[in-house]
Structure formats: structure tokens, C-alpha cells
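Let the hints inform the model, and build the full structure from the sequences given.
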Amino acid sequence: MRRFRLYPLLFGLLLAAAGCGPHVDCGCTPPPSGQVQGRVVDAQGQPVAEAEVCVVTLSAYDPAHAAISVEAKGRSRADGSFDLPAGVGRHRILVRAQVGGTVFLPSLGPEFELKAPGMVVAGPDLALTATVPATLTVTITPAHGAQQEDALLLEQRLQVDGLEYAMTIASLKPAVVMGAETVAFANQPPGTYTLSVWRSETTGTHPNVGSAKATLTLAAGAALELPLPVQ
Numbered sequence: 253m254r255r256f257r258l259y260p261l262l263f264g265l266l267l268a269a270a271g272c273g274p275h276v277d278c279g280c281t282p283p284p285s286g287q288v289q290g291r292v293v294d295a296q297g298q299p300v301a302e303a304e305v306c307v308v309t310l311s312a313y314d315p316a317h318a319a320i321s322v323e324a325k326g327r328s329r330a331d332g333s334f335d336l337p338a339g340v341g342r343h344r345i346l347v348r349a350q351v352g353g354t355v356f357l358p359s360l361g362p363e364f365e366l367k368a369p370g371m372v373v374a375g376p377d378l379a380l381t382a383t384v385p386a387t388l389t390v391t392i393t394p395a396h397g398a399q400q401e402d403a404l405l406l407e408q409r410l411q412v413d414g415l416e417y418a419m420t421i422a423s424l425k426p427a428v429v430m431g432a433e434t435v436a437f438a439n440q441p442p443g444t445y446t447l448s449v450w451r452s453e454t455t456g457t458h459p460n461v462g463s464a465k466a467t468l469t470l471a472a473g474a475a476l477e478l479p480l481p482v483q
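Residue numbers (our numbering): 253 to 483.
Treat the hints as calculated values from the structure; they're not laboratory data.
Idealized CB from N, CA, C, for every residue including glycine.
Be a bit skeptical, because a hint or two may be false.
To be verified - Taking CB as the label site, the calculated pair distances span:
1) G456 - K425: 15 to 21 Å
2) A403 - A330: 38 to 44 Å
3) P479 - H458: 24 to 30 Å
4) G341 - T393: 28 to 34 Å
5) T393 - T444: 41 to 47 Å
6) T393 - A301: 16 to 22 Å
7) A475 - T454: 39 to 45 Å
8) V340 - T446: 29 to 35 Å
9) A398 - A374: 31 to 37 Å
What follows is the structure, given as C-alpha cells:
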């Protein structure tokens, strides 16, 4: 059986600004921003280069609706340092990285606030912990038909101040190959994840004809195969 494999760590994180994105001239004025600076290190205090670093905002309407949204992202330099733009308001730094063959647990820094445009905030070192990655293989059953498509969302759950926040890892439309609809997420850090699938028709009014959802825990080094039935 052939499988689609997604070997890089997939963030699939959506920009919080509606209608505007990087490298897109949308005709609107960017919000006032400042800058946050910091440094990424490992457990021994050594710099971690080329780690993807994100400025994020946390929104929690209630315990069932808490999300992490990305405002800006970049990579750490050879000395582990980074600087990123951030809008006026309260934010955190998030790193969920694979550097070379090393996978790190997600690390969320303390909250910081930009009080005025042009302000520069210097944050503390953000320490990363190396881990043994896991692999998740998902088989959606039954496979979608020729006039259907599935939207698959993978989220990791992070506990922050007593609330569980959802962080988008991947959002994609799986294909059917040789009668099977299978996706493999390799090199994922251990933790709690949620998988959601929405099936719709591709003709007419594109009605939703089924869905599936599962919450699971990936242990370090695990290779979990999960059937996900659409109902």
C-alpha cells in the first residue's frame, strides 16, 4: 500500500490577520508593530540554530475554544538569536522545531507586551528539550469517493495556565491511492493530539456528508496506526 508521507514538521499555522498575508499586496495598511528579540538554546544552554520561531497570540473564549494563532515567524541564527515583528498587544514566543535529526518538544515562552509601535522587547533565553519523536499513521475509512473530498486537520494540545490550547500542525486534503486514504505524520514530538476530518461532495452545493474526530496521545518513540472512521 502506498502512503503519503509528510516528513518535515508541519505547522500549517494560519496567520491571524484576515485578508493579508506575507508577500501579498492586499491594499490594506499593516497594523502598528514593534519587535521582540530573544535566543533559543538547548538543555545545556548551547545555541540552537535554524529553529523556526513564532510570535503567537493565545485566545481563550472558554475552555472548549482556546487557540494559538501565529502572527510572525522566522529562524534562529547561528548564535541562537532571533528578532521578529510583533503587533501592539500581548504575545508569546513558540518554538516547535526539528533541527537536523533532532526533534524538540514545543516550548512556549512567557507572555510579553508591546505597548507602543516601534517598541523593542528583549526576551529571556527559550530553552528547548530534545525528545524521541513519534510517527502517526492515519487511515480514513471508508476512502472518499470520486465526487467527494476530505479536509484533514491535525492539532497538538498544549496546557497553558490551566487551559488546553489547540495548535494547528497540518491542514490538508488527503488523496486516495489504490483504494486507500492514508496519511503519515513522521517525526512528531510526543503529546496529545486531535484529528478532525470533514467530508464534502465536490458537486452542487458541496454539502457536508460526514465527519470524524479523535483525540490521542503519542508516546515518545511510538509508531501509532489509527483508523479514523467517517460517519
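Verification of the hints:
Taking 15 to 21 Å as the suggested C-beta distance range, the pair G456 and K425 conforms, at roughly 18 Å. Between A403 and A330 the CB atoms are about 39 Å apart, so this pair conforms to the stated range of 38 to 44 Å. For the pair P479 and H458, the supplied restraint of 24 to 30 Å holds, since their beta-carbon distance comes to about 26 Å. Taken as a hint, the range 28 to 34 Å is violated for the pair G341 and T393, whose Cβ atoms sit roughly 44 Å apart.
Between T393 and T444 the CB atoms are about 23 Å apart, so this pair departs from the stated range of 41 to 47 Å. Range check, T393 to A301: Cβ separation about 42 Å, and the 16 to 22 Å hint is violated. Between A475 and T454 the C-beta distance comes to about 33 Å, which lies outside the given range of 39 to 45 Å. Checked against the hint of 29 to 35 Å, the pair V340 and T446 passes, with Cβ atoms roughly 32 Å apart.
Distance hint check for A398 and A374: the Cβ-Cβ separation is about 56 Å, which falls outside the suggested range of 31 to 37 Å.
In summary, the numbered hints that this structure violates are 4, 5, 6, 7 and 9.
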